[in-house]
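Dock chains E and V against chain S, hints included.
Chains as they are written, first to last, in numbering that gives the first Met the number 0: chain S, 0 to 336; chain E, 0 to 288; chain V, 0 to 259.
Hints listed in this document are in silico derivations from the structure and should not be mistaken for laboratory results.
Don't take every hint at face value.
Unchecked claim - Simulated crosslink set (PhoX-like; lysine-lysine; CA at most 20 Å straight-line):
id	chain 1	residue 1	chain 2	residue 2
1	S	Lys-263	S	Lys-173
2	V	Lys-255	E	Lys-102
3	S	Lys-182	S	Lys-144
4	S	Lys-173	S	Lys-137
5	S	Lys-186	S	Lys-321
6	S	Lys-263	S	Lys-57
7	S	Lys-103	S	Lys-296
8	S	Lys-137	S	Lys-103
9	S	Lys-186	V	Lys-208
10	V	Lys-208	E	Lys-104
11	S	Lys-321	S	Lys-182
12	S	Lys-186	S	Lys-144
13	S	Lys-111	S	Lys-305
14	S	Lys-233	S	Lys-134
15	S	Lys-134	S	Lys-190
16	E	Lys-274	V	Lys-208
17	E	Lys-191	E	Lys-274
18	V	Lys-76	S	Lys-190
19	S	Lys-186	S	Lys-173
20	V	Lys-76	E	Lys-98
21	E	Lys-279	S	Lys-227
22	S	Lys-103	S	Lys-254
23	S	Lys-227	S	Lys-111
24	V	Lys-255	E	Lys-279
Stated by the list, open to error - Simulated coverage check for chain V against chain S, where a stretch passes if three residues somewhere in it have a Cβ under 8 Å from a Cβ of chain S:
id	region
25	103-113
26	201-215
We put the beta carbon where it would ideally sit given N, CA and C, even for glycine.
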Amino acid sequence: MNLQGIKKITLAATIILAAGLQGRNAMAASTTLLNVSYDPTRELYQSENIAFTQYWQKKSGQSVVINQSHGGSGKQARAVIDGLEADVVTLALAYDIDAIADSKLLDLNWQKRLSSNSTPYSSTIVFVVRKGNPKQIKNWDDLVKPGVSVITPNPKTSGGARWNYLAAWGYKQKQTGSAEQAKTFIKALYKNVPVLDTGARGSTLSFAQRGLGDVLIAWENEAHLIVKEFGSDKYEIISPAVSILAEPPVAVVDKNVAKHGTRKLAEAYLNFLYTPQAQDIIAQNYYRPRNPAALKKYSANFPHIKLFTLNEVFGNWRNAQKTHFQDGGVFDQIYAL
Amino acid sequence: MPIIQKAKSKPPVAKKRVSDPISIQILLIGLTLLFFIGFVFVPLGLIFSQAFQKGWSFYLDAISEPYAIEAVKLTLLTVAIVVPVNAVFGVAAAWAITKFNFKGKTALKSLLDLPFAVSPVIAGLIFVLLVGSRTPFGSWLGELGIKIIFSTPGIVIATIFVTFPFIARELIPLMEAQGRDEEEAALTLGAKGWQIFGKITLPNIRWGLLYGMILCGARSIGEFGAVSVVSGHIRGQTNTIPLHVEILYSEYNFTASFAVASLLVFLALLTVIVKSGMEKHFQKNSFHL
Amino acid sequence: MGYTVFYLSAIVIVPLSMIFFNTIPMGWEPFLNAVTAPRVLASYRLSFSTAFFAAVVDAFAGLLTAWVLVRYRFPGKGVLDALVDLPFALPTAVAGICFATLYSPIGWFGQILARWNLQIINTPTGIVIALIFIGFPFVVRTIQPVLEEMELEIEEAAQCLGATRWQTFRKILLPHLFPALLTGVTLAFARGIGEYGSVIFIAGNLPMKTEIAPLMIMSKLDQFDYAGASAVALVLLCISFSMLLLLNAVQEWQQKEYRS
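Only chain S is shown next, with the shape it has when bound in the complex (with noise of 0.2 Å):
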């Protein structure tokens, strides 16, 4: 090793990358969009995106290239806002989106600009247990029992945690009327946590291949995800009588569709998610499709569980985080000592 061969090497090593970078914004020049998510919607995107790209092809004759990425929803938008040029968002939760919106990437109003709070689909928190419930966990009151293990994520790191943690307060607060007594059950229902991953897709790691837990909360397309990939001798769904309509939101980040030239696509392209194809594929990933008929077809998949709506028991996202789980909320208080 000698500073000549040195040399050579960073020079071989800078045409490498100049080629590569040369590649890479030929590719961007064919039309693409690219669709920034959150955790569970992997398989869901991939279905529609093949479904998408042959739609367009057939309407526009134009092909088109979808490029997806996936992570934990909080991280996501921090990634757009930092200057991941997504074109369009599809998180879990419209906080995140609100954040996007808040560094004037895209309009305040973004909620508005698509039917359904711009939500093409929606779900609900469910439970997963093994098989045979052996802790006979039916409802929200059986997970603060003394000797109950129940996994969930962090709600600090995790957008599912968030909706699982609001789902259980909301069941409290709407039986008894109280926000006293909901803060002392979801007290009581975290002392039975032991382990609080950084993702929901962590923590069904810890319930179904290390064995951890005897209840794992979870969406409900998840909850069928791993009874799928896991075994249903295994595991098995637990609906509650009662939970949270959880809306994941969709929306077109303006100032980078504008830089591309992809508003046009973008907006079909989210469009497409609520025609009655879109929403098959959505109730076959089961997520529960706004289309009547899709919701009818797949009716067996998605029991009757009475939904409450985050605005009815929170008012509105930004409240909710800045109550529960800003630094020194609620969160934080139940494990103060």
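Okay, now just chains E and V, sitting in the frame of chain S:
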């Protein structure tokens, strides 16, 4: 800890005089093996048992899938840039620190170590804070159409940051142990700075340099935390091998994920094979030290 | 020299100073509140203590391994040597997943430990195990080159003069190896404090109990609280830096002692 004095295969001296009780040798080797079993072999076994759970053909499919190949390419490209850049810097820094006396040397040395002490998460974060589009500098770059973050240059820069102390850190103790006598002697004999470096310093530090480069290479292959913050996670574009492993794992595609992870093990082994190859090469054309 | 300083400032100082600049707008009071919240303090304690124990274990294991690899010949040595670097090449997340799987109640090790009612996963012990793995190559790889270059003549001379092996080790070898050992251990320690990827899988992340400092930064970031995250990062950075400074100073002093 007992002491054994034995020459190992240090080139070119290879006189063998084993003066340690064999029992101590066995004991120490045994202890080392025990540690390795618990911390290296069993986890490795786990990776491979998972990787081959569905058989060879599945394994081959998993690692030859286009996204996986893109990830391998990106990782190798990163290593090819990071290691030489850091090697040049490492030698320069170690040279400056050990061969000259100046004020603030200790501070400089500590600064060198800092990237280790910085959490990989922070390492990614600082580049986001520096060139992210929220910052004036970042938005200026954006207007010029230069993309650093969430594209290849960002990954390379973050990796350079995380791995850059390795080589210097490897060389400093070595060069300190060697002292400056030889260089000073050469200087008295009228050698030029560059000559001294090429003929005396470089041969003396080649082991350290080699180890440093291997470490730096290995670490850049495996870096996850920092890269994950600046990558943007776009499949086939800004996905390195570790990120690809994570994606597959998150998709409950465990077998494929461990299969790709096992590639990293092979890459690590490869670096060491290169090392021993170079050792042999040195032995053949050994400058007698 | 100029190159060193330039490169250092471009790659290290400028980016790191961003942490500092991001905390300034906070003001003093909120800054103090952010970095001295009980949860944050608990996380510092946890991160530093686990990293410390892991570094101590690594010191012994690393010295032993380097010694065996450099001085002995035995079958399979090449493989061991190769595998030392594994913790670097393996993404930290994979390492974390591996250990979490091994020590889970249904894992290979976890099953055995469960018989004695021992739980590793989701406890500080689990964090220490992950950190031992992460820091191990630092110690081995810093000692190894020094040991390789070490002249046997001194040892031989000592032995000729009638020193026992233990004496030779203590008086000749250890002082000679000490700078490298200290470097390795410091690096392992420093790395342990900041480690994130592998630890979150095995730690449990319960507030006040098993929540590491880097996780505090992450959870602040997820609230889009850049300033708060930078504040915690800054504190972590300052502690680490002063520690490195101290250790480097000790090392210099030790070396002077050794030379004279």
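(request) Against the earlier hints, flag every one the structure doesn't satisfy and list their numbers going up. (result) The structure conflicts with hints 1, 7, 8, 10, 13, 16, 17, 18, 20, 21, 23 and 24, although it agrees with all the remaining ones.
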